[in-house]
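As they're listed, the protein sequences go chains W and R. FYI, our numbering numbers position 96 of the first sequence as 96, with every residue one higher than the one before it. Numbering-wise, our numbering comes out as the position in the second sequence, counting from 1, plus 151.
Errors might be hidden in some of the hints.
Claimed, not checked - Per label pair, the in silico range of CB-to-CB distance: (1) Thr-143(W) <-> Ala-298(R): 42 to 50 Å; (2) Thr-89(W) <-> Arg-243(R): 17 to 25 Å; (3) Asn-126(W) <-> Lys-238(R): 40 to 48 Å; (4) Thr-143(W) <-> Pro-208(R): 18 to 26 Å; (5) Pro-241(R) <-> Asn-125(W): 39 to 47 Å.
Claimed, not checked - Listed below are several chain W residues computed to face chain R (Cβ distance under 10 Å; list not exhaustive): (6) Asp-29; (7) Tyr-33; (8) Gln-35; (9) Val-37; (10) Ile-69; (11) Val-88; (12) Gln-101.
Hints were generated in silico from the structure; no laboratory data involved. Note that the coordinates shown come from a computational prediction; the quantities given were computed from them, not determined experimentally. Ideal placement from N, C-alpha and C gives every residue a C-beta, glycine not left out.
Protein chains: 2
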Amino acid sequence: MRIPVSLAIAATVAVMAGPASAQFAKPEDAAKYRQGVMFVMSQHVGRLGAMTSGRVPYDARVATENAEIVADMAKLAWAGFGPGYDKVTPSRAKAEIWSEQAKFKEHGEKLIADSTKLVAAAKTNNLDNLKAAFGATAGNCKTCHDAYRRD
Amino acid sequence: MRIPVSLAIAATVAVMAGPASAQFAKPEDAAKYRQGVMFVMSQHVGRLGAMTSGRVPYDARVATENAEIVADMAKLAWAGFGPGYDKVTPSRAKAEIWSEQAKFKEHGEKLIADSTKLVAAAKTNNLDNLKAAFGATAGNCKTCHDAYRRD
Numbered sequence: 001m002r003i004p005v006s007l008a009i010a011a012t013v014a015v016m017a018g019p020a021s022a023q024f025a026k027p028e029d030a031a032k033y034r035q036g037v038m039f040v041m042s043q044h045v046g047r048l049g050a051m052t053s054g055r056v057p058y059d060a061r062v063a064t065e066n067a068e069i070v071a072d073m074a075k076l077a078w079a080g081f082g083p084g085y086d087k088v089t090p091s092r093a094k095a096e097i098w099s100e101q102a103k104f105k106e107h108g109e110k111l112i113a114d115s116t117k118l119v120a121a122a123k124t125n126n127l128d129n130l131k132a133a134f135g136a137t138a139g140n141c142k143t144c145h146d147a148y149r150r151d
Numbered sequence: 152m153r154i155p156v157s158l159a160i161a162a163t164v165a166v167m168a169g170p171a172s173a174q175f176a177k178p179e180d181a182a183k184y185r186q187g188v189m190f191v192m193s194q195h196v197g198r199l200g201a202m203t204s205g206r207v208p209y210d211a212r213v214a215t216e217n218a219e220i221v222a223d224m225a226k227l228a229w230a231g232f233g234p235g236y237d238k239v240t241p242s243r244a245k246a247e248i249w250s251e252q253a254k255f256k257e258h259g260e261k262l263i264a265d266s267t268k269l270v271a272a273a274k275t276n277n278l279d280n281l282k283a284a285f286g287a288t289a290g291n292c293k294t295c296h297d298a299y300r301r302d
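Only chain W is shown next, with the shape it has when bound in the complex (with noise of 0.2 Å):
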């Protein structure tokens, strides 16, 4: 039997895909979501970097807290990125996130893990542990953003 090179793609994006990409009602949508969480993302991967640092002083409960976000925010990203959202502007997306789905999943796998990590070093109260976390947990955003997001 020949399947039609349509259906065939069909199937293919739909495994890919999987529930939490099906969710969107349109590709903007999908855009606007994981541009907003990388956003909220950002501003507190930034008031962490400001107390590791020294910039701001160091609060345990605090650094709990944006760590905490962080890791949320983490786990929300990708079903953004999912197959049939690669088509919005704008954006600073790279084609490669779709033509590399695995590898890139693997990157947010990562940063799941790093961030959840990141919040058990954040409750240790100590400044150290939260430094090394810190560490490691934003050393995702760098390699990942190097590789699938345009300048």
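We have chain W; now place chain R onto it with these hints.
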């Protein structure tokens, strides 16, 4: 002693702002933050609405996931509406948000309380409980938007 008006205003703003809204580097960031949070929240409210109205099948686990995100977002949005963040465009935020900060905050606190109950209701694995709690939560959106959001 006469206090210059500009200093008196600055002092009042600082008291009302609190630590949360002091965290944005510029008003544009506050607006982008609140708009991002509101959009993410709207997506998950929409998914719960689809479930409670029967447009998609009821699934307690998915309902709980969505409710938890709504409750998380309900806690975040308000910092972006702090004093000094009113002169940003494009924004649908009405000036009354800033001239009635105490009243506006009450709306925010009610949403936080109702969305916390929504999570609990979602976890009961009972569609009627979910429907009731969702109605209460979504009622906050309409009431507050009618009062504080431009058409």
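Now for the hints, and whether the structure bears them out:
no. : hint                                  : verdict
1   : Thr-143(W) <-> Ala-298(R): 42 to 50 Å : holds, 45 Å
2   : Thr-89(W) <-> Arg-243(R): 17 to 25 Å  : holds, 22 Å
3   : Asn-126(W) <-> Lys-238(R): 40 to 48 Å : holds, 41 Å
4   : Thr-143(W) <-> Pro-208(R): 18 to 26 Å : violated, 39 Å
5   : Pro-241(R) <-> Asn-125(W): 39 to 47 Å : holds, 42 Å
6   : Asp-29                                : holds, 7 Å
7   : Tyr-33                                : holds, 6 Å
8   : Gln-35                                : holds, 7 Å
9   : Val-37                                : holds, 6 Å
10  : Ile-69                                : holds, 7 Å
11  : Val-88                                : violated, 14 Å
12  : Gln-101                               : violated, 21 Å
Comparing the model with each numbered hint stated earlier shows that hints 4, 11, 12 do not hold.
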